[in-house]
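**Student:** Each chain, letter by letter, is given below.
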Amino acid sequence: MEKLNVLVVDDEPGIRSGVSRILNNFSVSYPFMDSDYGFNVVETSTGEDAIEIIKKQKIDIVLLDNKLPGIQGTDVLEHINKNQPEILVMMITSYASLELAVKATNQGAYDFIPKPFTPQELKSALENVSKHIFLRGMTKKLNKEGKEIRYQFLSVLSHELKAPLNAIEGYLKIMQEKQAGEKIEDYEQMIDRSLHRINGMRNLIMDLLDLTKIKLEKKTDKFQQIKVSEIAQNAIESINPYAIQKDVQIFLHDNQDVQINIDPGDLEIIFNNLISNAVKYNKQNGRVDVFIDKKDNLLIIKVKDTGIGLSQNEIKNLFEEFFRVKNEQTKHITGSGLGLPIVRKILDIYNGDIQVESEVEVGSTFTVTLPV
Amino acid sequence: MGQGKKVILIVDDDMDYLFQMRMHIESFGFEVITAESQREAEKIIENTKPDLAIFDLMMESDDSGFILSYKMKRKYPDVPIILATAVSSETGMSFGVNTQNDKQWIKADLYLEKGIRKDQLHKEINKLLKI
Chain A
1 MEKLNVLVVD
11 DEPGIRSGVS
21 RILNNFSVSY
31 PFMDSDYGFN
41 VVETSTGEDA
51 IEIIKKQKID
61 IVLLDNKLPG
71 IQGTDVLEHI
81 NKNQPEILVM
91 MITSYASLEL
101 AVKATNQGAY
111 DFIPKPFTPQ
121 ELKSALENVS
131 KHIFLRGMTK
141 KLNKEGKEIR
151 YQFLSVLSHE
161 LKAPLNAIEG
171 YLKIMQEKQA
181 GEKIEDYEQM
191 IDRSLHRING
201 MRNLIMDLLD
211 LTKIKLEKKT
221 DKFQQIKVSE
231 IAQNAIESIN
241 PYAIQKDVQI
251 FLHDNQDVQI
261 NIDPGDLEII
271 FNNLISNAVK
281 YNKQNGRVDV
291 FIDKKDNLLI
301 IKVKDTGIGL
311 SQNEIKNLFE
321 EFFRVKNEQT
331 KHITGSGLGL
341 PIVRKILDIY
351 NGDIQVESEV
361 EVGSTFTVTL
371 PV
Chain B
1 MGQGKKVILI
11 VDDDMDYLFQ
21 MRMHIESFGF
31 EVITAESQRE
41 AEKIIENTKP
51 DLAIFDLMME
61 SDDSGFILSY
71 KMKRKYPDVP
81 IILATAVSSE
91 TGMSFGVNTQ
101 NDKQWIKADL
111 YLEKGIRKDQ
121 LHKEINKLLK
131 I
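Chains as they are written, first to last, in my numbering: chain A, 1 to 372; chain B, 1 to 131.
Since the hints were made in silico from the structure, they are not lab data.
Hints should not be assumed to be uniformly reliable.
Stated by the list, open to error - Mimicking DSS-like on lysine-lysine, the simulated pairs with C-alpha atoms at most 30 angstroms apart in a straight line are:
1) A:K162 x A:K123
2) A:K173 x B:K73
3) A:K302 x A:K213
4) B:K123 x A:K283
5) B:K49 x A:K316
6) A:K331 x B:K73
7) A:K162 x B:K43
8) A:K55 x A:K162
9) B:K43 x A:K103
10) A:K302 x A:K280
11) B:K123 x A:K103
12) A:K67 x A:K55
13) A:K178 x B:K127
14) A:K304 x A:K345
15) B:K71 x B:K5
16) A:K162 x B:K118
17) A:K331 x B:K75
18) A:K326 x B:K123
19) B:K123 x B:K5
20) B:K130 x A:K115
21) B:K75 x B:K123
22) A:K67 x B:K130
23) B:K130 x A:K173
24) A:K280 x A:K227
25) B:K127 x A:K316
26) B:K118 x A:K178
27) B:K73 x B:K49
28) A:K67 x B:K43
29) B:K123 x A:K67
30) A:K178 x B:K5
31) B:K43 x B:K73
32) B:K130 x A:K123
33) B:K71 x A:K115
Said to hold, decoys possible - Below, a sample of chain A positions facing chain B; criterion: calculated Cβ distance under 8 angstroms:
34) V102
35) H159
36) A163
37) N166
38) A167
39) E169
40) R193
Ideal Cβ placement from N, Cα and C applies to all residues, glycine included.
Throw the hints in and build the complete structure from the sequences for me.
**Tutor:** This is the structure in structure tokens:
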């Protein structure tokens, strides 16, 4: 287990020993982290000492009270920002000084914990920081390997992952405190919504996995000569239950038995995304037509729907990560906002292309071309 | 007071968050109006003056909350505004007011991280409403 060094700076011995006690038996693990993080706690009661300790030993996180006997917490914060900005500072503040906490955050504190805090609150705050440290390390590593992870991507991703967590957590707290009644039936709708949000999050994670699976270079060892319609048929079958629910029919048209040399998994992702979008954003009694064709040395896949359509502006942003069309009609449709960016990434690898034609309220046609 | 319940406008495009906020804030004894988008909120503001407003930051655009705050303060300078967001420092999109330049146009009275405890939320609202 990797250990993070936490320095607690507080003149109240009770707070220091409390933090030590809680963190010594606590570790953070995430499915996407290689190993768990544990914590080593170092304590001190003054800002002057804190600065000395930071100079001498490696500290990852500082829990910093503002009201200290000598120099103040914000002075320590300033020192850290100037000299060791890689250290993450969490301000410990009483709620009366929330304003100060916000100010400290603006001055470079990573976050703040209101005092008095429960063990759980301390733990979740530390969980957050550890995740941040992990992601930071990850990003550095990836950059070193020549793979750029865009900062913007991570930040939006974190927002997209946190929103459902907040929603589910909120419902659970309401249930825990029995705020809506004594019977389980009183919470039926909240349970439904929580499950719905979990499902959305699962889809997002699946899409993320797809996205990370896509390598930047061709993985020729996985290439196979395959019949395109077979992959399309598989995709249609997996989407059909959903299409039936939505009262949408899917038709496959292939006159030429087109074959292509490709990683079948990639082609499947393309079909899955385009067809499921065509169903998702369709109207009742709508239809989806999938055309497979070959012209010159190009495979042409068209997915045509009779759905709500897209405006020019929406088309422009369609392939951006996490972009989602937001309007009255799409309000209750969930999606990760990653489907089309994934398709675009795959097509880039194969020197393929994708075009969109659309008319609002009439429908959209996505045309994919791939060199055979 | 005795002039009836104070009205709080909550704007957020996450229907679950909106539902939960409504539930909490109604339990504090306030009247709640909600909107699910910046656009919808702008319409409400045209002819309704709430006693306090809580805006999500990222809705139709990344800065919907800022825009709403700006428009709200122009129309009703005395109505306190809370900007609530799930975006925190870890995301790199700092939600604070960093520069003098920002301060001139970001008009919220308070920034709150989503997921704040119910009792803290109540305290912050009361403080802004001077109750």
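**Student:** Looking back at the numbered hints, which does the structure fail to meet, lowest number first?
**Tutor:** Of the numbered hints, 2, 4, 5, 8, 9, 18, 25, 28, 32 and 33 do not hold.
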